[in-house]
Structure formats: C-alpha cells, structure tokens
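S.K.: As a plain string of letters, each chain reads:
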Amino acid sequence: MRMGATRVIVAAALVAIALGALGMLLLQERGAVPATTTGTPTSETAARQVYIVGGGATFINPQMQKWIRDYMEETGGRAAVNYQSIGSGAGEAKWLEGTLDFGASDVAISRAGYQKLLESGRRFIQVPVIAGSIAITYNLPEFAQAGCVLRLTGGMVADIYLGNIIKWSDPRIAELQEERCRSLLPDREIFGVHRSDGSGTTALFTMYLTLVSEEWKERVGYGYTVTWPRDALGLGEGGRGNEGVSAKVQSTPYSIGYVETAYAVQLKLPVAALRNRDGYFVFPNETTVAEALKRAALELPGPQEFWGELPLRHYLNREGKLSYPIVGTPVVFMYLDVPADTARALYDFFRWVLTKGQEREHIVEGFIPLPKELRARALQYLELLVAPR
Amino acid sequence: MRLVDARALKSLALTAAVVLAFALSVLPVAHLMATVVYRGAAAIARNFPSILFDIPAAPGSRELGGIGPHILGTALLTSIAFAVGVPISLLAAVFTAEAIRSWERIVGRWTRLLVHMMVEFPTIVIGIAVYGAMSSVAPLVRALVPGFRPFSLLSGVVALVLVSAPYMYLQVEDGLKSVPQHVREAIYSLGASRLLTSLVLLRYLKSTVYAALSVGLARMVSETAALFFTAFGSDVYPPLDANLLFRPIGSLTLAVYTLGLSGYENWIELSWAASLVLLLLCLTLFGFSRLLLRGERLGYRSPR
Numbered sequence: 001m002r003m004g005a006t007r008v009i010v011a012a013a014l015v016a017i018a019l020g021a022l023g024m025l026l027l028q029e030r031g032a033v034p035a036t037t038t039g040t041p042t043s044e045t046a047a048r049q050v051y052i053v054g055g056g057a058t059f060i061n062p063q064m065q066k067w068i069r070d071y072m073e074e075t076g077g078r079a080a081v082n083y084q085s086i087g088s089g090a091g092e093a094k095w096l097e098g099t100l101d102f103g104a105s106d107v108a109i110s111r112a113g114y115q116k117l118l119e120s121g122r123r124f125i126q127v128p129v130i131a132g133s134i135a136i137t138y139n140l141p142e143f144a145q146a147g148c149v150l151r152l153t154g155g156m157v158a159d160i161y162l163g164n165i166i167k168w169s170d171p172r173i174a175e176l177q178e179e180r181c182r183s184l185l186p187d188r189e190i191f192g193v194h195r196s197d198g199s200g201t202t203a204l205f206t207m208y209l210t211l212v213s214e215e216w217k218e219r220v221g222y223g224y225t226v227t228w229p230r231d232a233l234g235l236g237e238g239g240r241g242n243e244g245v246s247a248k249v250q251s252t253p254y255s256i257g258y259v260e261t262a263y264a265v266q267l268k269l270p271v272a273a274l275r276n277r278d279g280y281f282v283f284p285n286e287t288t289v290a291e292a293l294k295r296a297a298l299e300l301p302g303p304q305e306f307w308g309e310l311p312l313r314h315y316l317n318r319e320g321k322l323s324y325p326i327v328g329t330p331v332v333f334m335y336l337d338v339p340a341d342t343a344r345a346l347y348d349f350f351r352w353v354l355t356k357g358q359e360r361e362h363i364v365e366g367f368i369p370l371p372k373e374l375r376a377r378a379l380q381y382l383e384l385l386v387a388p389r
Numbered sequence: 001m002r003l004v005d006a007r008a009l010k011s012l013a014l015t016a017a018v019v020l021a022f023a024l025s026v027l028p029v030a031h032l033m034a035t036v037v038y039r040g041a042a043a044i045a046r047n048f049p050s051i052l053f054d055i056p057a058a059p060g061s062r063e064l065g066g067i068g069p070h071i072l073g074t075a076l077l078t079s080i081a082f083a084v085g086v087p088i089s090l091l092a093a094v095f096t097a098e099a100i101r102s103w104e105r106i107v108g109r110w111t112r113l114l115v116h117m118m119v120e121f122p123t124i125v126i127g128i129a130v131y132g133a134m135s136s137v138a139p140l141v142r143a144l145v146p147g148f149r150p151f152s153l154l155s156g157v158v159a160l161v162l163v164s165a166p167y168m169y170l171q172v173e174d175g176l177k178s179v180p181q182h183v184r185e186a187i188y189s190l191g192a193s194r195l196l197t198s199l200v201l202l203r204y205l206k207s208t209v210y211a212a213l214s215v216g217l218a219r220m221v222s223e224t225a226a227l228f229f230t231a232f233g234s235d236v237y238p239p240l241d242a243n244l245l246f247r248p249i250g251s252l253t254l255a256v257y258t259l260g261l262s263g264y265e266n267w268i269e270l271s272w273a274a275s276l277v278l279l280l281l282c283l284t285l286f287g288f289s290r291l292l293l294r295g296e297r298l299g300y301r302s303p304r
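These protein sequences, in sequence, are chains A and B. Here our numbering is used: the first residue of the first sequence is 1, the next is one more, and so on. Here our numbering is used: the first residue of the second sequence is 1, the next is one more, and so on.
Be aware that one or more of the hints could be misleading.
[Unchecked claim] If you want a taste of the chain B side facing chain A, the calculated C-beta under 7 Å gives, among others:
| # | residue |
| --- | --- |
| 1 | A58 |
| 2 | P59 |
| 3 | R62 |
| 4 | A129 |
| 5 | G132 |
| 6 | A133 |
| 7 | S135 |
| 8 | P150 |
| 9 | F151 |
| 10 | F232 |
| 11 | G233 |
| 12 | S234 |
| 13 | V236 |
| 14 | P239 |
[Said to hold, decoys possible] Only pairs whose alpha carbons sit at most 20 Å apart, straight line, appear in this in silico SDA-like list of lysine to any residue:
| # | chain 1 | residue 1 | chain 2 | residue 2 |
| --- | --- | --- | --- | --- |
| 15 | A | K268 | B | S61 |
| 16 | A | K248 | B | L261 |
| 17 | A | K268 | B | F121 |
| 18 | A | K268 | B | G60 |
| 19 | A | K248 | B | G260 |
| 20 | A | K248 | B | L293 |
| 21 | A | K356 | B | E265 |
| 22 | B | K206 | A | K268 |
[To be verified] Some chain A residues close to chain B (C-beta under 10 Å, calculated; not the full set):
| # | residue |
| --- | --- |
| 23 | A12 |
| 24 | L14 |
| 25 | D70 |
| 26 | E119 |
| 27 | S120 |
| 28 | S246 |
It should be emphasised that the hints constitute simulated quantities derived from the structure, not laboratory data. The beta carbon of each residue, even a glycine, is placed where N, CA and C say it ideally should be.
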C-alpha cells in the first residue's frame, strides 16, 4: 500500500488527463466546442471566436440563456455569450466597475449608479430587450371550485397591502365581482404575501401602487424593498424570490401576492383581472402587455438619459381599452467606448435579440416579446454601438 | 434477582438509545446521499454520455443538454489551483515546522497565526477580497493582457488557493511537528543538509501529506461561495485559446446553485446531475485519503 501510493496517484492523474483529452476530442467532433484557431491560416478573416460577458437580473436569465443558445447555434458557434444571473443590483454594480461587457436590470440604472456614470464621463446606451408584467395571484378555494376569477382595481390592491381592507368579504371587493361569484367571497382575512428580498418586481409593483393610491404614495412609496403596512397587522409576510412568493400563496388559503407573470404562467397560478385606466378588467398576456408598452415607444427617453423613473412615467397604468396596467421592460446597458470588436459583438448579439430573437420560436414560455414600436426604438439606440466615432 | 433485571434493562435501554442516536445522526446524510444518487443517476442516464459534454439546453425545453462547461471549469480550476497551492503549502509547512534560526521562528509563528485566521474566514469573504484585489490591479494587467477581467479563471484559482492552501498547510505542519525529535536528529547526524532533511521528513510522512492533499483537493472541488465573484460562472464554453486564463469559467458547484434555483424542470435535473458528479468526486477523494491514512498507521506500527 505504502509503496503503491505514488503509483496510484500518478495512474489516477494519467487517467484523468486521458479522459479530459478524450472529452475534448469528442466535443470538437460534435461541434460543441468551436475550433478557435481554424487550421488553415488563410488570409481571409481569421475566424476568431468573439466572446462577451454579461450579468444581472435574475428574471430574464431563462430568456437570456435561450437567446444565447439559439444565437450561438445560428452563428455556428462563432460567438459565445456568457450571462450569469447575479441580480439586478450586482449586475449594475459590476458593469459600472467595468467587469462586465453588459449589465441587465429589471428596472433601469439606479439614481446612484447614474450619478457615477455621469461622473465617469463614459458614453453608454440603455436598451429594453423583452417585456415583462406583474400578475396578481391569489388563493381562494371557493373561487377555484366555482370557476370564478377575481377582479381587482389598483386602488384596492393598495388598500389591501395598506391594511385598509381586511377581509375578502369587504363590500368594496364584492361589488367588483361577477354576480354569481359575489356570494362566494369568504368572510376571511386576506393574507398579503410580498417579496422579502430586494427585487425589480417589487420596485415595479410599488411604483404602480404609488400611481393608483395617494395614501400609498405618502405612507410607503416605491423601491426594491419597502416597509409593508399589512405586515404590521400580522396579516402579511415576505417570501424570497418569485418562487418563494408563489409557494407561499399556493400553500396559504385566502392569500394574495404578486409575481412575474412568467412564473404565474409556469406554475399555473390563478391570476386576477385588473381594472385598467379605461375601466376594463384585463389579464396580463401578450396582447394587453404589448398594448400598454407600444404607447411608451415614442416617449422612450434618450439612450443616455436617466431611466430610473421610466416605468413610473411611461409604462405603468397606461390608457387604452386593452392595456394591462403593471408592465415593464428589463433593460440592458453597455458602454460605447469599448474596443471595436467588443462593440461589434454586442451589436450583433443584441441586434439578433431585438429582431429574430423576438419571434415566437426564440421566446421562453411566459415571456412576452417587445411590441414592434418599442423594438424599432431600441434598434435605433443600438446603432450607436457601431456608429462611426 | 430483581437488581440484575433492572441493570439489564438499563443496559438495554442505553444501548437502544445509542443505536437510535446513531441512526438519527446518520439518517440525514444517508438520505441526502441516496437522493443525490437517485436523482442524479436518473438525470445522467437520460442523456448519457452527452450530458458530460453538452451545454445546458434552453430552460423549459424538453431536452436536457449537459453540464460540459461546468465539468471543464471545475477540472481546470482545481487542477491549476492544486498545482499552485500544493508547493506553496508544502514549502510553508516545512519552513515553519523546521525553523531553526530566531528570525525563521518569528516568521514561522506569524505565518501560523495568519493561516489559522485564514482557515476561519468565510469563503465568500475570500472571494470578494480576491475580486476587489483583481479589480484594482485590472487596469495594470490590461496593459499586458488586453482581455483581462476580474471575473476569470485566474481569479478563481487565486481564491481556491487561498481557501484550500491553509488546510493543506496546517495538516502537513502538524504532521511534521509530530515527527519525534530523535528522528530529525538521526537524519542530521548523517550529515544531511536542511533541504535533504526536509525532503526525507516529507517522505517519512508521505501518507499524511497525500491525505492532506486529497482533503485540500476535495475542498477545492466543492467550493462555491469563493467562486461567485471570481470565476463568475459560465454556461457556455469560453473560447479555448491563450486568453482562457483571463475569462470567466463555470464550475459544478455554481451550476448546482444557479440551475437548481431556476424553477425549470430540465435545469433542476441538470443540477442533480452536477450534484452527483460532485458527490462522486468528493467521495473518491475522501476514500482515497482514508486509504492513505490507514496505510500510515500500519506503517508506524511496523517500521521497515
């Protein structure tokens, strides 16, 4: 045994190396690993593989990964994009520090981050890449059995989270419901679930509530995290991440919560119809989200302006019969003063994302493509990457 | 008679309690391992052998894809970090354990103190510290290597060395100190130089050293937190060229975390597969180190 130890280790190392080599060979053959230095050094563009690194919002990660795969497939592995979901906040911070080629956030660059950018004097662009919306989900066994769908107004949602409405049977809620469902509202307290972690979802949701409720605006305001008045009554609780909120609502009868629509769709959670500005009850779906967002296309701020209040001013609670009121767009940001090949790689990838990437076959279930009006604006901004400098 | 009965009963009760306590303490580990093996094996069997080479499929798709970039990343990270960390920890251990002159002893004492502190650091702190250090030197490094980023294989290697080298150092140093003084004197009395003496001592402690190194390697393989802001992670193969060292790289542990938390069935399955690969790697290393340590004990009992 003692004599053999060295030999055993050497043998193990050799086996590991052999396995690794075999793996690489297999990979090259399958085309999974693009051969970087194409064997023939002909004068034509030495097909060097381009590589860009980004990080940020967790919400768009699944969609990003899908785009990356499809894009890499289409370019025959000539381009590699590495996106890691480190959270909107970290994405912004690391991009500002110059560690990432592009950052992504659920909302937009924060006020503090924007200040830093201005001080650094670097040129940059912000581009929306996909549409998102927030669904109000709930757990009402009586409604589920009878096939009823909950209807709510924004003001009522604010009142619930403020603690002004305590029970499901509250007459203000009852009068909104379809007649046959009205009597099914239980005489139970509403349990209000929210995100416990800082999140773009909460930011968007609370921004909406400040628009529809004066009291909310004064008492609570908006942000990645806020103080929830309903919690103080013992009738509310936080859950970590979209998955945490969904799980809590699912397991707690008579609760209400808000999640990214993609999650609600994926988990088949009941979704409330929300009354929009024009007085129609709408669900979040491709049509209603696009309807709301397309109106914002013409008002989209310049690529280098402060976008922090973009949802507040332009996206939320839009007019239109079919507009869903709580919509947003995750935003990608990148610097303009980068080496030409990096700029080119970013341009090629996001151009693809904003054109072909928005087609159904490249969209992950639950995500909603950008309306074409917004896409056109985004593409204009993107052109700055390859504009003559 | 009654007394004996009571005693026997007591003994039985205590034995039962001990067995129960043992079962309770083993149960979670056993359950954990069984679950990982069961679910991991199912995932790997579904897409074998491509699962070892492919990149993860798109989330929510019916295909599984694979964890190739993560296996490659773990292999690269650990092998390079091991190659760097082993000489450092061995040299440091020999230096502090075999210190003779007074300045050597002083440096040795401080080294030992610092290493003891470093072992206690949360690894996430080490990761962030490495990220900070790398970002501050990045502008300088970029003059030499234009493609350099603080998120890179290199940062990951530095972090892993900082996490794992202290362990290896402490174990080897303990081993060296446990060598009876007369053995050392015997070697010196043959006219051996200090260098030669150190080499002979390390050889004498071969099994301890190997065991320390395999535990160190296992720590590198299973490290997660220190890699978040250093290796960064990658679900695609980076271009395999000269700049590989300066680009982000994936790892199995990061894959378990990010894929497992995603909420998409096929990614969660991949996460189980990655867990199983990790478990197998760690168990192999653990078993290896036990085997070597047993060899050592036998060796002590019957010298020559």
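S.K.: It remains to establish, for every hint, whether it holds in the given structure.
M.R.: We went through each hint and held it up to the structure:
1. A58: holds, 4 Å
2. P59: holds, 4 Å
3. R62: Since chain A brings no Cβ nearer than about 12 Å to B:R62, farther than 7 Å, the hint is violated.
4. A129: Since chain A brings no Cβ nearer than about 15 Å to B:A129, farther than 7 Å, the hint is violated.
5. G132: violated, 10 Å
6. A133: violated, 13 Å
7. S135: holds, 6 Å
8. P150: Interface hint status for B:P150: holds (5 Å vs cutoff 7 Å).
9. F151: Cβ of B:F151 sits 6 Å from chain A, so the hint holds.
10. F232: Given a least distance of 6 Å, the restraint on B:F232 holds.
11. G233: holds, 5 Å
12. S234: Interface hint status for B:S234: holds (5 Å vs cutoff 7 Å).
13. V236: For B:V236, the interface hint holds, since the closest Cβ of chain A sits about 5 Å away, which is under 7 Å.
14. P239: Holds, about 4 Å.
15. A:K268 - B:S61: Cα-Cα ~17 Å, so holds.
16. A:K248 - B:L261: Holds. A:K248 to B:L261 sits at ~16 Å (cutoff 20 Å).
17. A:K268 - B:F121: violated, 43 Å
18. A:K268 - B:G60: Cα-Cα ~14 Å, so holds.
19. A:K248 - B:G260: Satisfied, since the Cα-Cα distance of roughly 19 Å is no more than 20 Å.
20. A:K248 - B:L293: Roughly 49 Å separates the two Cα atoms, so the pair is violated.
21. A:K356 - B:E265: violated, 26 Å
22. B:K206 - A:K268: Violated: B:K206 and A:K268 sit about 59 Å apart, past 20 Å.
23. A12: holds, 8 Å
24. L14: Status violated, d = 13 Å.
25. D70: At about 7 Å, which falls below the 10 Å cut-off, the nearest Cβ of chain B leaves the hint on A:D70 intact, so it holds.
26. E119: violated, 17 Å
27. S120: violated, 13 Å
28. S246: Interface hint status for A:S246: holds (9 Å vs cutoff 10 Å).
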